[in-house]
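Top to bottom, those sequences are chains A and B.
Sequential numbering from 1 applies to the first sequence in my numbering.
Sequential numbering from 1 applies to the second sequence in my numbering.
Careful: at least some of the hints might be erroneous.
[Unchecked claim] In silico EDC-like links for lysine to aspartate or glutamate, alpha-carbon gap of 20 Å or less:
#	chain 1	residue 1	chain 2	residue 2
1	B	K100	A	E53
2	B	K58	A	E1
3	A	K18	A	E101
4	B	K100	A	E30
5	A	K18	A	E62
6	A	K69	A	E30
7	B	K100	A	E1
8	B	K69	B	D84
9	B	K59	B	E45
10	B	K42	A	D59
11	B	K59	B	E70
12	B	K69	B	E15
13	A	K69	A	E53
14	B	K78	B	E39
15	A	K17	A	E79
16	B	K100	A	D38
17	A	K57	A	E70
18	B	K58	B	E83
19	B	K59	A	E101
20	B	K100	A	D59
21	B	K59	B	D84
22	B	K100	A	E79
23	A	K65	A	E30
24	A	K65	A	E53
25	B	K100	A	D56
26	B	K42	A	E79
27	A	K69	A	E79
28	B	K58	B	E45
29	B	K100	B	E15
30	B	K42	B	D17
31	B	K57	A	D38
FYI, nobody ran anything at the bench for these hints, they're computed from the structure.
Note that this is a predicted model, so its numbers are computed, not measured.
Residues per chain, in single letters:
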Amino acid sequence: EAQVTQNPRYLITVTGKKLTVTCSQNMNHEYMSWYRQDPGLGLRQIYYSMNVEVTDKGDVPEGYKVSRKEKRNFPLILESPSPNQTSLYFCASSSQRLLSETQYFGPGTRLLVL
Amino acid sequence: ILNVEQSPQSLHVQEGDSTNFTCSFPSSNFYALHWYRWETAKSPEALFVMTLNGDEKKKGRISATLNTKEGYSYLYIKGSQPEDSATYLCASLNAGNNRKLIWGLGTSLAVNP
């Protein structure tokens with residue numbers, strides 16, 4: 001089954017404790033992206049990757065890091081989480097071949113930073 | 001920053017009613033318009049991706065139209081059912097955004113049985 005998976009689905013942590021949210025897709029998609037969703041603000045892109053070893057900042061990259069060492073995986077790293085990073089996070093992937101490609105979303109990770 | 005606006009923000013209808021809502025997007029350097037359906041506690045799922053002016057797409061009771069010259073798209077739901085209750089998101093892809101979709105805030109639809 002074609003899918004995007006994220007782990008963990010829920011996480012409560014404390015300020016400053018490094019964490020990683022994993023994202024994996026099995027559709028051989030080149031393009032992967034991380035979004036955060038906050039009430040009243042809609043989906044905002046954090047980072048995206050056009051292909052392996054190619055990453056770039058989205059609209060709200062501060063406080064986040066990513067890596068793309070393999071095509072299927074695109075982990076989101078919070079080196080020193082802060083309460084303003086409490087949010088719902090989605091990973092998404094799509095084929096790069098077309099400009100009008102559908103985004104496939106993961107199930108979401110709900111993060112609470114105390 | 002290019003904005004995508006959706007209206008209304010929320011909508012309550014009775015089962016069996018037909019309804020529609022609007023997505024306004026920048027018409028300059030337009031590439032594609034996406035519609036997604038987002039149910040509570042789930043992830044957004046793609047409904048349509050539209051690229052051509054005048055395009056119409058249909059999926060069951062849901063259809064969408066696209067006007068790229070004036071920068072708007074309509075989403076129609078015929079004979080709404082309780083399972084249609086969700087937030088409907090649109091997103092615009094325009095040249096110069098470096099392959100970033102610009103998302104609207106969504107229209108939240110509640111269908112009362």
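For each hint, the structure was consulted:
1. B:K100 - A:E53: Between B:K100 and A:E53 the Cα gap is close to 18 Å, so the pair holds against 20 Å.
2. B:K58 - A:E1: Roughly 24 Å separates the two Cα atoms, so the pair is violated.
3. A:K18 - A:E101: Not satisfied, since the Cα-Cα distance of roughly 33 Å exceeds 20 Å.
4. B:K100 - A:E30: The given pair, whose Cα atoms are some 14 Å apart, holds under the 20 Å limit.
5. A:K18 - A:E62: holds (15 Å)
6. A:K69 - A:E30: Cα-Cα ~12 Å, so holds.
7. B:K100 - A:E1: Measuring from Cα to Cα gives roughly 26 Å; hence the hint is violated.
8. B:K69 - B:D84: violated (30 Å)
9. B:K59 - B:E45: Between B:K59 and B:E45 the Cα gap is close to 13 Å, so the pair holds against 20 Å.
10. B:K42 - A:D59: Violated - the C-alpha atoms of A:D59 and B:K42 are around 24 Å apart, more than 20 Å.
11. B:K59 - B:E70: violated (24 Å)
12. B:K69 - B:E15: Roughly 34 Å separates the two Cα atoms, so the pair is violated.
13. A:K69 - A:E53: Within the cut-off at roughly 6 Å; holds.
14. B:K78 - B:E39: holds (18 Å)
15. A:K17 - A:E79: Roughly 7 Å between the alpha carbons, so the hint for A:K17 and A:E79 holds.
16. B:K100 - A:D38: holds (18 Å)
17. A:K57 - A:E70: Since the Cα atoms of A:K57 and A:E70 sit roughly 18 Å apart, the hinted pair holds (cutoff 20 Å).
18. B:K58 - B:E83: holds (17 Å)
19. B:K59 - A:E101: Satisfied, since the Cα-Cα distance of roughly 17 Å is no more than 20 Å.
20. B:K100 - A:D59: With Cα atoms ~9 Å apart, B:K100 and A:D59 stay inside 20 Å; holds.
21. B:K59 - B:D84: Measuring from Cα to Cα gives roughly 13 Å; hence the hint holds.
22. B:K100 - A:E79: Between B:K100 and A:E79 the Cα gap is close to 25 Å, so the pair fails against 20 Å, i.e. violated.
23. A:K65 - A:E30: Distance of about 19 Å is within 20 Å: holds.
24. A:K65 - A:E53: holds (13 Å)
25. B:K100 - A:D56: Roughly 11 Å separates the two Cα atoms, so the pair holds.
26. B:K42 - A:E79: violated (27 Å)
27. A:K69 - A:E79: holds (18 Å)
28. B:K58 - B:E45: Since the Cα atoms of B:K58 and B:E45 sit roughly 15 Å apart, the hinted pair holds (cutoff 20 Å).
29. B:K100 - B:E15: violated (36 Å)
30. B:K42 - B:D17: violated (25 Å)
31. B:K57 - A:D38: violated (30 Å)
The structure fails to meet hints 2, 3, 7, 8, 10, 11, 12, 22, 26, 29, 30 and 31 from the earlier list, while all remaining hints are met.
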